[in-house]
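Numbered per numbering that gives the first Met the number 0, the sequence shown spans residues 0 to 340.
It is worth saying that the hints were derived from the structure and are not from the lab.
C-beta: ideal position from N, C-alpha, C; glycine also.
Each hint should be verified, as a subset may be incorrect.
[As the list claims (entries may be wrong)] Here are the simulated distance ranges between beta carbons:
no., residue 1, residue 2, range
1, TYR67, ILE20, 33 to 39 Å
2, GLU282, ASN238, 22 to 28 Å
3, ASP331, ASN240, 34 to 40 Å
4, LYS179, LEU330, 23 to 29 Å
5, LEU12, SER32, 45 to 51 Å
6, GLY157, ARG286, 35 to 41 Å
7, ASP26, ASP158, 25 to 31 Å
8, ALA126, TYR67, 16 to 22 Å
9, GLU234, ILE29, 29 to 35 Å
[Claimed, not checked] In silico lysine-lysine, BS3-like type, Cα no more than 25 Å apart, as pairs:
no., residue 1, residue 2
10, LYS258, LYS279
11, LYS249, LYS77
12, LYS105, LYS89
13, LYS130, LYS105
14, LYS146, LYS327
15, LYS105, LYS79
16, LYS258, LYS223
17, LYS77, LYS279
18, LYS249, LYS104
19, LYS223, LYS104
20, LYS104, LYS81
21, LYS335, LYS212
22, LYS204, LYS179
23, LYS104, LYS130
24, LYS303, LYS77
25, LYS288, LYS258
26, LYS303, LYS288
27, LYS77, LYS104
28, LYS303, LYS223
29, LYS212, LYS179
30, LYS31, LYS179
31, LYS179, LYS146
32, LYS203, LYS179
33, LYS79, LYS104
34, LYS105, LYS81
35, LYS31, LYS146
36, LYS79, LYS279
37, LYS327, LYS212
38, LYS179, LYS327
39, LYS212, LYS223
40, LYS223, LYS288
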Amino acid sequence: MKNLRLLLLPFSLLYWFIVSIRNLFYDIAIFKSYTFNKPIIVIGNLSTGGTGKSPQTEYLIRLLNNVYRVATLSRGYKRKSKGFVLADEKANADILGDEPYQFYKKLQQATIAVDADRKNGIENLLALSSKPQIILLDDAYQHRRVKAGFYILLTAYGDLYADDFVLPAGNLRESRSGAKRANIIIVTKCPSNLSLQEQERIRKKLRLQSGQKVYFSYIAYDDKVYNTTTAVALETLRNTNKIIVAGIAKPQPFFEHVKQDDDVCLTYPDHHYFTETELKELETISRNKIIITTEKDYMRLAGKLPEDRLFYLPIMTTFINEGDNFDKTILDYVGKSTTNR
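Let's have the full structure, built from the sequences with the hints guiding it.
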């Protein structure tokens, strides 16, 4: 792997140069950025994925939904529709993409929309009769055409952007210096007992800008698995032979949480759309066994496998400490913001 990275390093330097010029042109206004008279929060990362954007976005929706009309705008990765789409009762994972559809199914009080052109998407949202009071831009850290008022950057514990390289030698979409645009950095997927000493070590490694704040979070698993009609305690299935399916980035923690010795784990690419052949293979392999998958994968598998045997395990992001301070920072920004400067 190290030798391969060395071979790819010249291509990474070229990629870094192109992306750096693009960012510079936005910074000095050669490329135009658009602002809107609404508080807009971006949730994103420097890496290509696996940092836990979905549970963090869901956390923000829940935090803000009780006080404000919230809209979430995603690009709808791998969806089969085009342009701006507003989620409604006809929506599914093919139309919205799996993550926005997951938000829609769980958080119907919020407005969920998709559009790869975030400027166009925001304009459509603000043209609604019931305009959102705040807009969350999911996975839009590199979308410089819209200038948001607040940026949240995620980086996974054990895979910090400070230790990575830009594509293709590494997994970064832009150089580490892009972190300077963030108001808040969240180190996600930490051990739940991460020590204060380790937190301080990571803070120093990230080389924070003045005013930047770092928070540490971990993934908490529900104690039940679900389908559209049933909830079953995961503990009661521990000793039941299962098929565990994951089409997400970095699925190993999910497997480790669910798996017992005789279980079969099947891994697919992130956001994978299952073919008819793969679905038939899954049915054959599982026979009369329970299938447990991630919530995101369930959005793509529901209705395509026997419902009485297909379950998903929800997750949520939980702050190790200072969660109240994080909430207050977000609520203060939204409450005080009338324009994005």
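These are the hints, each one checked on the structure:
1. TYR67 - ILE20: 33 to 39 Å: 37 Å, holds
2. GLU282 - ASN238: 22 to 28 Å: Cβ of GLU282 to Cβ of ASN238: about 23 Å, so the range 22 to 28 Å holds.
3. ASP331 - ASN240: 34 to 40 Å: 50 Å, violated
4. LYS179 - LEU330: 23 to 29 Å: About 24 Å separates the Cβ atoms of LYS179 and LEU330, which means 23 to 29 Å holds.
5. LEU12 - SER32: 45 to 51 Å: 26 Å, violated
6. GLY157 - ARG286: 35 to 41 Å: Given a distance of about 36 Å, which is inside 35 to 41 Å, the answer is holds.
7. ASP26 - ASP158: 25 to 31 Å: Holds, since ASP26 and ASP158 (Cβ atoms, about 27 Å apart) stay within the stated range.
8. ALA126 - TYR67: 16 to 22 Å: 18 Å, holds
9. GLU234 - ILE29: 29 to 35 Å: Once the Cβ atoms are compared, 58 Å apart, the range 29 to 35 Å for ILE29 and GLU234 is violated.
10. LYS258 - LYS279: This hinted pair holds, its Cα atoms lying about 23 Å apart.
11. LYS249 - LYS77: 18 Å, holds
12. LYS105 - LYS89: 15 Å, holds
13. LYS130 - LYS105: Satisfied, since the Cα-Cα distance of roughly 21 Å is no more than 25 Å.
14. LYS146 - LYS327: 22 Å, holds
15. LYS105 - LYS79: Since the Cα atoms of LYS105 and LYS79 sit roughly 21 Å apart, the hinted pair holds (cutoff 25 Å).
16. LYS258 - LYS223: Roughly 14 Å between the alpha carbons, so the hint for LYS258 and LYS223 holds.
17. LYS77 - LYS279: Holds, at about 22 Å.
18. LYS249 - LYS104: At roughly 24 Å apart (the allowed maximum being 25 Å), LYS104 and LYS249 satisfy the hint.
19. LYS223 - LYS104: This hinted pair holds, its Cα atoms lying about 18 Å apart.
20. LYS104 - LYS81: 21 Å, holds
21. LYS335 - LYS212: Holds, at roughly 19 Å.
22. LYS204 - LYS179: OK: LYS204 and LYS179 at ~14 Å, within 25 Å.
23. LYS104 - LYS130: 20 Å, holds
24. LYS303 - LYS77: 18 Å, holds
25. LYS288 - LYS258: OK: LYS288 and LYS258 at ~14 Å, within 25 Å.
26. LYS303 - LYS288: The given pair, whose Cα atoms are some 16 Å apart, holds under the 25 Å limit.
27. LYS77 - LYS104: 18 Å, holds
28. LYS303 - LYS223: Answer holds: LYS303 to LYS223 is near 22 Å, not above 25 Å.
29. LYS212 - LYS179: Roughly 11 Å separates the two Cα atoms, so the pair holds.
30. LYS31 - LYS179: 19 Å, holds
31. LYS179 - LYS146: This hinted pair holds, its Cα atoms lying about 14 Å apart.
32. LYS203 - LYS179: Satisfied, since the Cα-Cα distance of roughly 14 Å is no more than 25 Å.
33. LYS79 - LYS104: With a Cα-Cα distance of about 18 Å, the restraint between LYS79 and LYS104 holds, given a limit of 25 Å.
34. LYS105 - LYS81: Holds, at about 23 Å.
35. LYS31 - LYS146: It holds: about 9 Å lies between the C-alpha atoms, which stays within 25 Å.
36. LYS79 - LYS279: The given pair, whose Cα atoms are some 22 Å apart, holds under the 25 Å limit.
37. LYS327 - LYS212: Cα-Cα ~13 Å, so holds.
38. LYS179 - LYS327: 22 Å, holds
39. LYS212 - LYS223: Violated: LYS212 and LYS223 sit about 34 Å apart, past 25 Å.
40. LYS223 - LYS288: Holds. LYS223 to LYS288 sits at ~17 Å (cutoff 25 Å).
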